[in-house]
Amino acid sequence: MTFRRLARYFRLYEKKRGDRRSGSAALGTAWMTVFFAGLFFVGWCFLAVTFTMLALPEWQANRRFQETVCTVEDVQIEQGERSGRHTYRPIYQLRYEVNGQQYLAWQTYDITGGFFLDRAHCQALIDAFPKGQTYRCWYNPDDPEVAVLSLGLSNQVWLLLLLPSGLIIVGGVGLAWRLVNWQTSAERRASLAHMASSLSASERSVAGGEYPYVPPEVNLTDSPGTSLAYRLPRTGAAVAAAWALAAACLVWNALVCVFITLVARGFLAGNYDWTLLAVTAAYTAVGAWLAVVCVRQVVQATHLGRCIVEISTHPLHPGMTCRLYVAQFGRSKLRYLKVLLVSDEKATYQQGTNTRVEFCRVYSHEVLSQRHIEIGRGAPFEALVELTVPPTAMHSFRSPHNEVLWKIVVVGRARGWPRFERTFPLVIYPAAEYAT
Amino acid sequence: MTPCPIAIMLDGRRRTYAPGEMLSGEYRWDADPGSQVKAVEVSVLWYTEGKGDEDFGVHFFDRLSVEEGDEVGPRQCARFSTQLPKSPLSYEGVIVKIRWCVRVRLFLKRGKVFTRERTFQLGHVPPARPLVTPAARRNLRLKVRPEADEFG
Chain Z
1 MTFRRLARYF
11 RLYEKKRGDR
21 RSGSAALGTA
31 WMTVFFAGLF
41 FVGWCFLAVT
51 FTMLALPEWQ
61 ANRRFQETVC
71 TVEDVQIEQG
81 ERSGRHTYRP
91 IYQLRYEVNG
101 QQYLAWQTYD
111 ITGGFFLDRA
121 HCQALIDAFP
131 KGQTYRCWYN
141 PDDPEVAVLS
151 LGLSNQVWLL
161 LLLPSGLIIV
171 GGVGLAWRLV
181 NWQTSAERRA
191 SLAHMASSLS
201 ASERSVAGGE
211 YPYVPPEVNL
221 TDSPGTSLAY
231 RLPRTGAAVA
241 AAWALAAACL
251 VWNALVCVFI
261 TLVARGFLAG
271 NYDWTLLAVT
281 AAYTAVGAWL
291 AVVCVRQVVQ
301 ATHLGRCIVE
311 ISTHPLHPGM
321 TCRLYVAQFG
331 RSKLRYLKVL
341 LVSDEKATYQ
351 QGTNTRVEFC
361 RVYSHEVLSQ
371 RHIEIGRGAP
381 FEALVELTVP
391 PTAMHSFRSP
401 HNEVLWKIVV
411 VGRARGWPRF
421 ERTFPLVIYP
431 AAEYAT
Chain R
1 MTPCPIAIML
11 DGRRRTYAPG
21 EMLSGEYRWD
31 ADPGSQVKAV
41 EVSVLWYTEG
51 KGDEDFGVHF
61 FDRLSVEEGD
71 EVGPRQCARF
81 STQLPKSPLS
91 YEGVIVKIRW
101 CVRVRLFLKR
111 GKVFTRERTF
121 QLGHVPPARP
131 LVTPAARRNL
141 RLKVRPEADE
151 FG
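First to last, the sequence lines map onto chains Z and R.
Residue numbers are given in the working numbering: position 140 of the first sequence equals residue 140, and the series is strictly consecutive.
Residue numbers are given in the working numbering: position 66 of the second sequence equals residue 66, and the series is strictly consecutive.
Hints in this document: simulated from the structure, not taken from any laboratory.
This structure is a prediction, so every number in the text was calculated from the model and none was measured.
All C-beta atoms, glycine included, are put in the ideal place defined by N, C-alpha and C.
On the chain R side, residues computed to face chain Z include the following (Cβ under 10 Å):
1) Leu45
2) Lys97
3) Arg103
4) Thr115
5) His124
6) Val125
7) Pro130
8) Leu131
Simulated restraints, written as ranges between beta carbons of each label pair:
9) Phe359/Z / Gln36/R: 45 to 55 Å
10) Glu358/Z / Arg14/R: 27 to 37 Å
11) Pro390/Z / Gly69/R: 49 to 59 Å
12) Pro400/Z / Arg14/R: 29 to 39 Å
13) Arg189/Z / Arg79/R: 19 to 29 Å
14) Gly69/R / Thr33/Z: 25 to 35 Å
15) Gly12/R / Val385/Z: 41 to 51 Å
16) Trp31/Z / Arg110/R: 18 to 28 Å
Taking the hints into account, I'd like the entire structure generated from these sequences.
Next comes the structure, spelled out in structure tokens:
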């Protein structure tokens, strides 16, 4: 008997891709309604039980119990069991008089008669009421055989009352949302949301305006250039990556310092822990590598100097030609320097609990390419070039999970240094023929 | 399976529109005479396809509903018209695609919902192709070495 080779193995575990439904939408909605209704119901049940068993007796005792004086004749710790664990509560034999009649009975500390998981907690309440002493107590006028040494509402009861409120709120809001949106289409919801103008200011500027879903160009034109009209801002991704690397380097090396201290203390005390030493050596190696990369990046950023890109006009439309000024500062010898006009597609999706972002480059055009450049101190490399947006280009687009990005990318490589890349975003509007 | 009783016709049977142009058409529904129609919705919207989670934007929306006093019978037709926006244009990207459509939903009293879409193109942006970067080309060359061929 032979087995055919499977073209693809079955995966035992795979995260759900996106929030797309593979089953019936109506059934899914019905199940979600049942789920939220269940949460709502369980919350109310839990609240009712907590209230009637704990809060109500305390509240009634506070209102109706009468004060008297009692003598503690005996004290004991009563033992119980909950989920396989021992629990404890103090019980007191109290002697007191009600309407000329003497009562002698075992009573609990308060009306709830709750058990403690901690014996010491119970012992503290035993020690607070020594035998033979006289104390205030409160008895039930309807049943004088019931008396307690303490009145008032315990904090635990109120905390327990707060617990089901979470279930009630989540279940109630979920249920209300499902019922309000029952048989309401996504288009109607979007239309109602639009009418209610509940969009935030940033969303309005993207979704509304003359060109809906084209990102605003406000921060691209608010900085005037020295050679051309506008100086383009640099995207913060590279800067953020450098900061993240520096933070990671600091945290890691702080950990390494702790390990080194532990090893040194051990060795000084005569405890030779070779496993800890091996782990510390490995951690130190990684820490040293991180430090080298971090220092290299910082030196590269400072050594290469800043890069400036200015543009003669903005916004751009497909087919439009404009001038671009590029300046690279910093004393260095560059093997090459290239300026590219690129377009990337960016897709964001949920995979299980992770948010993934994917990029795909769909256009790249070399605007400038130069080799063997020597940049001196105070004499930056400067170039003025013409930039033409392809006539059939897709405009810039931004929605919550999908984007079409246009940018100027400056790439280069200095001698003895790795390749560097600096990105300057652009906004391209739909073709000028549509602008009128 | 019950066939969808909705039909959407765009005026002039056009498939491509320029931004800012007027889009108009007719939609009709022919439900079972015994069934009661609760509401009919028509919307002009764009939605994304591709790797990312789906986004959509409603440009035009109209609802005929019995609850709001509209006369909605099991067999009827209605017209719609709207001026299309300047963006986003239809786009056939690699991992991001933008599609425009007219969508009609028919809600029956028993809870059944029928949906029909008619897609159209807004603008004339040609499809995008993935760019093979020099690094990707190098990787590709490495991957197709004879020894890497599983059928070899």
